[in-house]
Structure formats: C-alpha cells, structure tokens
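Number of protein chains: 4
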Amino acid sequence: MTEETIHQILKFRDDRDWKQFHNPKDLAISISLEAAELLEIFQWSGEDVSDKGKTEKIKEELADVLNYCVLMADVCGFDIDEIVQEKIKINSEKYPVEKAKGNSNKYDKL
Amino acid sequence: MTEETIHQILKFRDDRDWKQFHNPKDLAISISLEAAELLEIFQWSGEDVSDKGKTEKIKEELADVLNYCVLMADVCGFDIDEIVQEKIKINSEKYPVEKAKGNSNKYDKL
Amino acid sequence: MTEETIHQILKFRDDRDWKQFHNPKDLAISISLEAAELLEIFQWSGEDVSDKGKTEKIKEELADVLNYCVLMADVCGFDIDEIVQEKIKINSEKYPVEKAKGNSNKYDKL
Amino acid sequence: MTEETIHQILKFRDDRDWKQFHNPKDLAISISLEAAELLEIFQWSGEDVSDKGKTEKIKEELADVLNYCVLMADVCGFDIDEIVQEKIKINSEKYPVEKAKGNSNKYDKL
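Residue numbers (our numbering), protein chains in the order written: chain A, 6 to 115; chain B, 6 to 115; chain C, 6 to 115; chain D, 6 to 115.
Just so you know, the hints here were simulated from the structure itself, not pulled from any lab data. Please read all numbers here as calculations on a predicted model, not as lab measurements. A couple of the hints might just be wrong.
[Stated by the list, open to error] In silico DMTMM-like links for lysine to aspartate or glutamate, alpha-carbon gap of 25 Å or less:
1. A/Lys59 / B/Glu87
2. A/Lys24 / A/Glu65
3. B/Lys111 / A/Glu98
[What the hints assert, rightly or not] Estimated spans, in silico, between C-beta atoms of each pair:
4. C/Asp22 / A/Lys106: 27 to 33 Å
5. A/Lys62 / D/Gly58: 25 to 31 Å
6. C/Asp20 / B/Thr7: 50 to 56 Å
7. A/Lys62 / D/Thr60: 30 to 36 Å
8. C/Glu87 / D/Leu115: 45 to 51 Å
9. B/Asn110 / A/Asn110: 40 to 46 Å
10. C/Asp20 / B/Gln25: 44 to 50 Å
11. D/Thr60 / C/Thr60: 32 to 38 Å
12. D/Leu115 / B/Lys59: 17 to 23 Å
13. A/Asn110 / B/Ile93: 34 to 40 Å
14. D/Pro101 / C/Asn110: 46 to 52 Å
15. C/Glu87 / B/Asn110: 26 to 32 Å
All residues carry an ideal CB built from backbone N, CA and C; glycine is no exception.
Just chain A, same shape as in the assembly (with noise of 0.2 Å):
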C-alpha cells in the first residue's frame, strides 16, 4: 500500500473528525465486523468466485478490512511494513520451510 493511499485513509478520518471514536478495542471490534463482511460472500457458497457481482463485493469488503487495519496502526503507532516483516520472521521460526512444505497443519502439529 502506498503513502498515497494511507495518507487518504487518514484523511477521509479527519475531514470527519473521527478519531475521537477510535480506540483500539473498537477498532479491533471493527476489524472482525468487516472480516465477517467479507466471509458472509462465501456463506453457503462453496469457494468459487466467478461471477462478477461476488468479486465486486469482495474488493468492497477487503478493502474496509485492509482500511480499519490502517486506522489501527495509525492509532497504534505502528509502522505497518514493520509489524508484518516482524511477523513473518517470526513465523519462518514457527513453520520452518522442511517442515511447513506442502503441509496446511498448525505449527503444533507439524
């Protein structure tokens, strides 16, 4: 994601001086509300995402998720390059390549 677009996430907050709602908890609460947007698509759907008024939607709805995860980071703090190369490190501990290889199991049960 680029500066551009998070710059105009921030600023579509401001312009309505939204940031006095977002507190971290309900922000967290905002994340799993769109997730659960998103996954409503797929409900008694099977996996397919052929016709065009589903991708439509999915952009939709990916795109509040990814827009709330920046709203987070930005209330947070965080660098979001930074928590993300962080925690891919840690999960390259976690599932290492011989092991995770081809496998969709839990790094506890690899």
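For chain A, the structure is supplied; the task is to place chains B, C and D on it using the hints.
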C-alpha cells in the same frame, strides 16, 4: 505497505508451497480468525493499550490480519491500492463530510 | 436446554464471582471469539466431521458459544425460549415457505 | 431451551427444505456471522443496553446465534445439554474456584 513487504509475504507462502490451499473462502475464514485473535486481546480489558506485553501482541495479530489480506488480494488478482482507493470514493458518498462530521452513526442513520 | 443446564452455567459463573465482568459488550465479544474457535476447526478443511478428534473439538467449541449465549441472556434479562420463538416468527415473514423452499438466498434476494 | 423451541427451529428449516445446505462448515460460518451482527450493536457504543431499540436488536441477534447453534447440534447429532454439561466439567478443572474467583484471566494466566 511497500512492494518489498508484499514480496516477502508471497515468498513466505511460495517457499512453503501453500498457494494450493488458498481458495478465497478459506482465506476469508482466515482473515476472520486472525481478526478474532486481535479482538481477544481486548476481551474483558477496557480500551487501554498501555502495557508493553499487550502492544507486542496487538502488533502480531494485526500483522496476521494484514498478511491474509495481501494473500487474498493476490489470489483474487486485486491491487490493494486500487481497491482501497475505490472504496474510499464509495464511502465518501455514503458519509458526506457535512453529515458525518463528529458523528459515529452508520450511513443509514445519518 | 434444560433448566438444570442453565442452572449449572450460572452456578459456574457465580461460584467464581465472574458476573462483575459480564457487561453485554464483552459478552458479545466473547460469543464472537468462541464462534471463531468453532470456525477454526474448519479452516483449510472442507466440510467433513468424520474424524473423532474433530467431533470432540466441535462439541467443546459449540458448547462454549452456547454457554456465553446463556450468560448474555441472563445479564440482559432475556428468556431464551421467548427470544428464539419471537425470532422464528420474524423469520417466517422474511422467508415465506413458498419463496424460500430449497433456496439458500438471503431474504432480500428471494 | 425447551423441546418445543428446538422443534420449532427444526420445523422452520424442514418446511423450507434447507437441511441440504447445512454442512457443519457453513453452519460454523453462520454462527460467526450472527455473532458479528450481535457484536455490531456494541461498535462505538460503550457497554450500555439501556435504550429500548438496542435491547430489541440484541434479542434478535442473540436468538439468531442460538438458532444456528441448535441447527449445528442437530446436523452433528449432538445433544445440547450433554455437550454443555460436559464442557462445564472441563472448565471446572481449567478454572478451579480457588484460583479463578474474582479473576478474569485466562486459565493459562491463573
């Protein structure tokens, strides 16, 4: 998020040959599950993020949500900046500044 | 669910003096978190529940969701039978048999 | 929950011939989605349930969660009282009264 971070996310997946498991439905489930792990940090806990242990945990779980969002975008062929900027446009119409300013109500209650 | 089961749920809570933590918002969070733990069993896994280990896990997580539902109803002063039967009436109007039969669409798509 | 309520839930499903859609994975998704709709009532809102409109909404969404729990138990062949009472036994060992009393920590932090 830089191209480099996105590259690291996809490389982590490809090194483990995990793309075979990544259908959109299970990725949507995964985003929901990681969002729940993030939310769990705030269960019974009020809104503070003051203590250090919690901040580290929030970083990790937020990174997990972002990680799966990138994986979903990749599998669906979405450009993250494009979908987020597109959604900001939609939201700008749903939440016009003059109505939404300082108001946390949903668009249908503005 | 029998009165005896509900009694056991509330006794478990009261023996531990936990009602003080049970505000509706945190109970709603708890229901979501337990629902996610139930859902996690099906992550990457298809729809089968054949293997024994999984069935035991589903029982436990479904029980956790039910447990928190009872706790929430108690704190809010709801009678479970009353609210469920009331909702069935509402749903009967949203999903009339002649339109909904054999159709998994949401009511606004019937 | 009385036998009569459970009977009404299953009759509602069978009148609409919906059992064909009710695989455990999609039911677990459904429980998560309804839990999110319940949680949404508390987004940005603090912990109060004082106003009447909200109470009605909580009743409906909590009823939806309970409804899908009963449907899941039915499809998986579980007896609700049995699984809940069984889980209370497990929790009694994880959260012994003497350690857990007045303490909202998770069992691994007691």
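So, going through the hints one by one against the coordinates:
{"no.": "1", "hint": "A/Lys59 / B/Glu87", "verdict": "17 Å, holds"}
{"no.": "2", "hint": "A/Lys24 / A/Glu65", "verdict": "22 Å, holds"}
{"no.": "3", "hint": "B/Lys111 / A/Glu98", "verdict": "42 Å, violated"}
{"no.": "4", "hint": "C/Asp22 / A/Lys106: 27 to 33 Å", "verdict": "49 Å, violated"}
{"no.": "5", "hint": "A/Lys62 / D/Gly58: 25 to 31 Å", "verdict": "28 Å, holds"}
{"no.": "6", "hint": "C/Asp20 / B/Thr7: 50 to 56 Å", "verdict": "53 Å, holds"}
{"no.": "7", "hint": "A/Lys62 / D/Thr60: 30 to 36 Å", "verdict": "31 Å, holds"}
{"no.": "8", "hint": "C/Glu87 / D/Leu115: 45 to 51 Å", "verdict": "36 Å, violated"}
{"no.": "9", "hint": "B/Asn110 / A/Asn110: 40 to 46 Å", "verdict": "44 Å, holds"}
{"no.": "10", "hint": "C/Asp20 / B/Gln25: 44 to 50 Å", "verdict": "48 Å, holds"}
{"no.": "11", "hint": "D/Thr60 / C/Thr60: 32 to 38 Å", "verdict": "37 Å, holds"}
{"no.": "12", "hint": "D/Leu115 / B/Lys59: 17 to 23 Å", "verdict": "18 Å, holds"}
{"no.": "13", "hint": "A/Asn110 / B/Ile93: 34 to 40 Å", "verdict": "38 Å, holds"}
{"no.": "14", "hint": "D/Pro101 / C/Asn110: 46 to 52 Å", "verdict": "49 Å, holds"}
{"no.": "15", "hint": "C/Glu87 / B/Asn110: 26 to 32 Å", "verdict": "30 Å, holds"}
Of the numbered hints stated above, those contradicted by the structure are hints 3, 4, 8, listed in ascending order.
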